[in-house]
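Q: Spelled out, the chains give:
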Amino acid sequence: MSRKVARTILLLAPGLILIGFLFLFPLFGVLKLSLFNPGFTTASFEKLVASPVALLVMERTFILALTVTVLSVVTGYPIAYYLATSSPRWRTILVYLILLPFWTSILIRTYTWMVVLGREGLVNSVLQWTGLIDGPTQLLFTGLAVHLAMVQILMPIVIITCYSTMIEIDEGLIRAARTLGATPGQAFAKVFLPLSLPGVATGAAMCFILSLGFYITPALLGGRRNVMLSNLIDFEVHQTLNWSFASVLALVLLAATLVALGLFRLVAPRRRDQG
Amino acid sequence: MRMSPARLALTVYFVIGVIFLIFPLIMLVPLSFGESQFLQFPPQKLSWKWYAEFFNDDSWLRATLLSLRVGIGATIISLVVGTLAAVALVRGQFVGRGLLMSLMVAPLILPTVILALALYILFLRWRWVDNALALTAAHAVIALPYVILVVSTALKGFDITIERAARILGAGPVRAFVSVTLPYLMPSLFAGGLLAFFASFDELIVTMFVSGGLETLPVRIWNDLKLRLDPTVAAVACMLIVVSVAGMGLAEYFRQRNLRRYHNS
Chain V
1 MSRKVARTIL
11 LLAPGLILIG
21 FLFLFPLFGV
31 LKLSLFNPGF
41 TTASFEKLVA
51 SPVALLVMER
61 TFILALTVTV
71 LSVVTGYPIA
81 YYLATSSPRW
91 RTILVYLILL
101 PFWTSILIRT
111 YTWMVVLGRE
121 GLVNSVLQWT
131 GLIDGPTQLL
141 FTGLAVHLAM
151 VQILMPIVII
161 TCYSTMIEID
171 EGLIRAARTL
181 GATPGQAFAK
191 VFLPLSLPGV
201 ATGAAMCFIL
211 SLGFYITPAL
221 LGGRRNVMLS
231 NLIDFEVHQT
241 LNWSFASVLA
251 LVLLAATLVA
261 LGLFRLVAPR
271 RRDQG
Chain Z
1001 MRMSPARLAL
1011 TVYFVIGVIF
1021 LIFPLIMLVP
1031 LSFGESQFLQ
1041 FPPQKLSWKW
1051 YAEFFNDDSW
1061 LRATLLSLRV
1071 GIGATIISLV
1081 VGTLAAVALV
1091 RGQFVGRGLL
1101 MSLMVAPLIL
1111 PTVILALALY
1121 ILFLRWRWVD
1131 NALALTAAHA
1141 VIALPYVILV
1151 VSTALKGFDI
1161 TIERAARILG
1171 AGPVRAFVSV
1181 TLPYLMPSLF
1191 AGGLLAFFAS
1201 FDELIVTMFV
1211 SGGLETLPVR
1221 IWNDLKLRLD
1231 PTVAAVACML
1241 IVVSVAGMGL
1251 AEYFRQRNLR
1261 RYHNS
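Heads up: the protein sequence lines correspond to chains V and Z, in order.
The numbers in the numbering used here rise by one with no breaks, and the one at position 249 of the first sequence is 249.
The numbers in the numbering used here rise by one with no breaks, and the one at position 8 of the second sequence is 1008.
Derived from the structure by calculation, the hints contain no laboratory data.
Among the hints, erroneous ones may be present.
[As the list claims (entries may be wrong)] Covered by chain V, according to a simulated footprint, are these stretches of chain Z (three or more residues, beta-carbon under 8 Å): (1) 1080-1088; (2) 1100-1111.
[As the list claims (entries may be wrong)] Covered stretches of chain V (in silico footprint by chain Z; criterion: 3 or more residues with CB under 8 Å from a CB of chain Z, positions within the stretch not fixed): (3) 70-81; (4) 109-122; (5) 144-158; (6) 230-237.
None of the values given here were measured: they were computed from a predicted structure.
Where a beta carbon is used, it is the ideal one built from N, C-alpha and C, also for glycine.
Just need the whole structure built from these sequences, with the hints factored in.
A: Here it is in structure tokens:
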């Protein structure tokens, strides 16, 4: 028995060292920096609450994450539904159409939007060609650009999670509902939709949590008015060199992530056990 | 079979959705093969100019080489560390197993900028900034969750009685694992390794914070995007899209192979 214990410890040791030294310990440093100077102090938090900029950015980040999540779920769900209800032979090919953009890095997908929305970009060219506008209009460095790109980047995650729940739904249940007199619409609303909700919840939670921490897309596509929490942390570190303030902001972001994760666990307790 | 109007509408919607997802990526192709700085329709003249620019520019090549080195290093570290940990996490019976699992996959969910800030503060104190080895270790933390998730899923599907049989036949625990379980895990190790590599290869935020003057490929692209919009980036991006789609597609294929075996047994 003790040999088994020793073996388990030995197997875990490298992982514990890696995660301990380069994940937990540094996070602890952030906590320390925001709460101690050198004794315990809430000065940084007081500064946070008194800072209109920080409060505005926090509110903006939360609203953006929420908007992007709702948009991704609403637009992604029918796509997942289409995939799940198409013939198995087509399905495998069609799923790759969703995975293809998903496999490309966020930096590159953000860059593609710079090309599409730029002054000389496609959208401006088309709009001018059709005569809808006279000169190039400002699309880059706007909230619209950030929203479009983030939905495009995160929607595949929502689609894939919804889809994998949907294909597990027993087709017989839908047929039973139809046999019992339900219209296709009713069968969908009363049987299929509720059964697919766990996938929607997982996809939405992942989308929301990832949105909260988005850095690259707002930095490249958004203007000054689209600075998000991650960008503000970067700014405090590299421009104002105010590390304790950056640490407090990081702590807020961490807390928001954990709260979102906790809420999700609470709402969806029926999770596959991980262990 | 004729389509119902509802199904037809849904098909149209699906096509529009796929175009929205893929179209921006496809836009890069004409730009990267064009002559001019800007996107032109139709492209006036085809040229390899921007691709040549990449291969003739020392800074692009150095950045690519560094990304490869860091990526391979991070893959090896996370693959070894992650596989050992996955074995303990799946087979061990101890208190806090679930917590430990969550901790080791946490870098996947944690907003990257938090880890970037935390590592930056630490590396400054340790004088690890501007150090390729330290960067590799940091990337290993980011790559670790992928290995743990893929390998532990495969291990759960493995019938442990086969390994026990090897033990009864006289093999030691290590030998039994290496000659029986490891071959079974191979597809998942490939999949996990590929995912780990691309997690490192695409990583930007942590690298920007801790790398000092070192430029990996994503950092090089980032610096270019901040200063100017040069179609060389389009050429680089096109090549990267091909590489990552091939790599991730392969990873998906290997992952599915282990999963399918699990479902058949």
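Q: Each hint should be assessed against the structure and marked as holding or not.
A: Here is how each hint holds up against the structure:
no.: 1; hint: 1080-1088; result: holds (count 7)
no.: 2; hint: 1100-1111; result: holds (count 10)
no.: 3; hint: 70-81; result: holds (count 5)
no.: 4; hint: 109-122; result: holds (count 11)
no.: 5; hint: 144-158; result: holds (count 3)
no.: 6; hint: 230-237; result: holds (count 4)
The structure meets every hint from the earlier list without exception.
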